[in-house]
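A.B. asks: Here is how the chains run, residue by residue.
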Amino acid sequence: MSTAEATDANRRDFLYIATGAVGAVGAASLAIPLIDQMNPSASVLALASIEVDLAPIEVGQSITVKWRGNPVIIRHRTANEIEEAKAVKISDLPDQDARNANVAAGSAATDLNRVIDGKEQYLIQLGVCTHLGCVPIGNEGEYGGWFCPCHGSHYDTAGRIRKGPAPENLHVPEYKYLSDVKIQIG
Amino acid sequence: MSGHSTYNPTNPVMKWVDDRLPLPRLMYDSFVSYPVPRNLNYWYTFGGILMIMMVSQIITGIVLVMHYTPHVDMAFDSVEHIRRNVNYGNVLQKWHAVGASFFFIAVYIHIARGMYYGSYKAPREILWMLGVAIFLVMMATGFMGYVLPWGQMSFWGAKVITNLFSAVPFFGEAIVTWLWGGFSVDNATLQRFFSLHYLLPFVLVGVVILHVWALHVTGQGNPTGVEVKSGQDTLAFTPFATVKDAFALSVFFIVFTAFVFFAPDYLGHSINYEEANPLVTPEHIVPEWYYLPFYAILRAVPDKLLGVVAMFGSIMVWFVLPWLDTSKVRSAAYRPIFKQLFWLLMIDFFILGIVGANPPEGWWITVGQIATVYYFAHFLILLPLVGLLETPKPLPSSISDAVLAKNTNKQPAAQPAE
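Listed in order, the protein sequences are those of chains A and B. Counting from 1, position 142 in the first sequence corresponds to residue 142 in our numbering; the numbering is continuous, with no gaps. Counting from 1, position 6 in the second sequence corresponds to residue 6 in our numbering; the numbering is continuous, with no gaps.
Since the hints were derived computationally from the structure, they do not count as laboratory data. Yeah, the Cβ is synthetic: ideal placement off N, Cα and C, and Gly gets one too. Hints are supplied without guarantee of correctness; some may be wrong.
[Unchecked claim] Computed spacing ranges between beta-carbons, pair by pair:
{"hint": "1", "chain 1": "A", "residue 1": "I137", "chain 2": "B", "residue 2": "V203", "range": "21 to 29 Å"}
{"hint": "2", "chain 1": "A", "residue 1": "K66", "chain 2": "B", "residue 2": "A263", "range": "32 to 40 Å"}
{"hint": "3", "chain 1": "B", "residue 1": "P239", "chain 2": "A", "residue 2": "L34", "range": "47 to 55 Å"}
{"hint": "4", "chain 1": "B", "residue 1": "A263", "chain 2": "A", "residue 2": "D97", "range": "35 to 43 Å"}
{"hint": "5", "chain 1": "A", "residue 1": "V181", "chain 2": "B", "residue 2": "I347", "range": "55 to 63 Å"}
{"hint": "6", "chain 1": "B", "residue 1": "W178", "chain 2": "A", "residue 2": "A87", "range": "39 to 47 Å"}
{"hint": "7", "chain 1": "B", "residue 1": "A263", "chain 2": "A", "residue 2": "G23", "range": "35 to 43 Å"}
{"hint": "8", "chain 1": "B", "residue 1": "H71", "chain 2": "A", "residue 2": "S62", "range": "25 to 33 Å"}
Using the sequences and the hints given, assemble the complete structure.
C.D. replies: Okay, structure coming up:
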């Protein structure tokens with residue numbers, strides 16, 4: 001092999017690899033913005049938290065407020081409902097995680113871990129069935145809590161899944177008490 | 001089957017074009033002189049009907065976009081605007097909505113015909129798999145289109161179906177948020193569905209072209225399942241198949257337009273005339289009728305991830321159908337046991353559809369589970385076994401033999417009258 005040919009081959013190899021490398025990097029850097037543009041935009045992420053006054057909610061009454069496009073169910077539970085929820089053994093629950101953004105991740109799904117201590121009468125949770133996202137209907141189902149009409153999931157009076165295809169308890173969003181009867185969600 | 005071209009243009013202009021770009025030759029060879037088996041029955045006309053339905057949906061769709069507004073505050077009203085104010089909008093909107101249903105009626109008949117006559121067997125596996133791909137693109141397009149009017153069923157259908165992806169382990173929530181562009185189905189979702197609903201039909205056209213290409217490479221199947229052996233077995237596509245297709249299309253369109261004009265909402269849901277409300281789920285959510293059997297399979301499985309897997313699996317299993325069916329004989333006409341299984345599958349699919357339309361309570365759940373198990377058993381257990389155990393009837397030596405035998409059987413009865 002002459003020197004000229006060898007140089008030529010090196011030059012071609014270089015061009016070949018360089019073109020391929022530029023193409024690969026270019027394709028990857030194009031893919032990122034094209035894919036990421038579909039994630040929530042800044043305006044969606046900036047959605048402010050909301051404040052809710054709990055005082056007008058009578059015992060046994062529920063209200064629904066909209067937060068981040070989803071319904072949040074706030075229920076003023078009766079003493080009976082709280083008793084019922086407390087009587088359930090954790091081992092009987094399909095999902096034993098509290099699913100509460102306000103307690104440590106992985107806490108047991110006791111009734112107390114689903115609410116805020118001292119405010120057990122107010123159950124605040126996302127009205128989004130953990131199966132496929134329908135809004136469960138209150139005071140329905142075999143456990144006196146919520147029933148999802150779409151695919152038949154039954155939740156108890158603490159919003160925990162008891163029967164049906166939903167894999168998790170209704171999620172409790174992040175919230176805190178601003179005063180005795182006022183909360184801020186988010 | 002694509003033999004030597006017989007195109008011989010007499011018109012000097014066509015000859016001039018043909019020498020430079022042989023497009024007229026391609027059209028002539030594909031749709032005029034193209035040989036088709038002489039024994040094709042009316043079940044074989046649905047490919048042509050589907051082609052026309054696709055064009056019809058694209059034309060009416062493009063026109064509707066001229067008046068539709070893809071925004072959560074205006075979408076619902078803009079569809080009402082089309083139905084009430086736009087010239088002929090009433091007809092055009094219904095034509096598109098009812099057209100989707102009839103597109104699916106035709107495709108289900110087309111698929112069932114393929115299963116009955118074993119159209120998926122060698123050498124037509126790729127032709128068949130492209131067909132399954134077409135069905136999947138159709139389902140995605142139909143689903144996104146149904147979201148656009150932004151009624152209650154649009155919204156909740158979208159929410160439930162996109163939530164199917166939350167069943168994916170680890171990344172589920174992130175995927176759903178990405179699909180929605182937010183934390184719920186909202187304006188971002190509506191706008192991207194609109195964009196994709198406009199795109200996918202053209203993807204569909206592309207796959208359909210591949211489907212027709214594959215068809216013209218292997219040649220058409222036929223009710224006997226015996227391959228074409230000589231020119232005696234075939235007729236020219238034009239006029240024979242063209243006219244038969246056109247006649248079937250006319251009958252199909254009489255039924256289709258009867259629905260468009262006299263019962264445009266019969267196949268839909270009245271709840272979709274209520275504007276989308278993210279805070280209230282309708283009492284009973286059901287998808288459009290053409291998704292019901294698959295929806296029933298989703299609900300039959302009491303586990304979220306496995307339910308989703310079963311639903312997608314019920315269509316994915318069609319991709320491997322050519323290898324699950326072990327029989328060498330194509331047509332059900334010569335397979336006595338398979339023929340019965342085919343009709344049982346049709347009944348099973350129909351039952352799944354009824355289960356899908358009903359609430360997931362009581363014995364509907366049991367019926368749905370039995371029907372789902374049977375559906376998978378048909379493809380995964382019965383088909384492979386029957387191919388090995390069944391004794392097929394003797395096949396005719398050729399298509400023309402089969403046609404002649406049929407005619408000679410008839411003749412004695414006809415003779416006395418002469």
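A.B. asks: For every hint, state whether the structure bears it out.
C.D. replies: Results for each hint:
Here the CB-CB span from I137 of chain A to V203 of chain B is close to 39 Å, at odds with the stated 21 to 29 Å. A beta carbon spacing of about 37 Å between K66 of chain A and A263 of chain B agrees with the range 32 to 40 Å that was offered as a hint. For the pair P239 of chain B and L34 of chain A, the beta carbons lie near 49 Å from each other, so the given range of 47 to 55 Å is met. In this structure the hint that A263 of chain B and D97 of chain A lie 35 to 43 Å apart at CB is violated, the actual value being about 50 Å.
The hint said 55 to 63 Å for the Cβ distance between V181 of chain A and I347 of chain B, and at roughly 60 Å that hint holds. Checking the proposed 39 to 47 Å range against W178 of chain B and A87 of chain A shows it holds: the Cβ atoms sit about 41 Å from each other. For A263 of chain B and G23 of chain A, the Cβ-Cβ distance of about 55 Å falls outside the hinted range of 35 to 43 Å, so the restraint is violated. Here the CB-CB span from H71 of chain B to S62 of chain A is close to 31 Å, well matched to the stated 25 to 33 Å.
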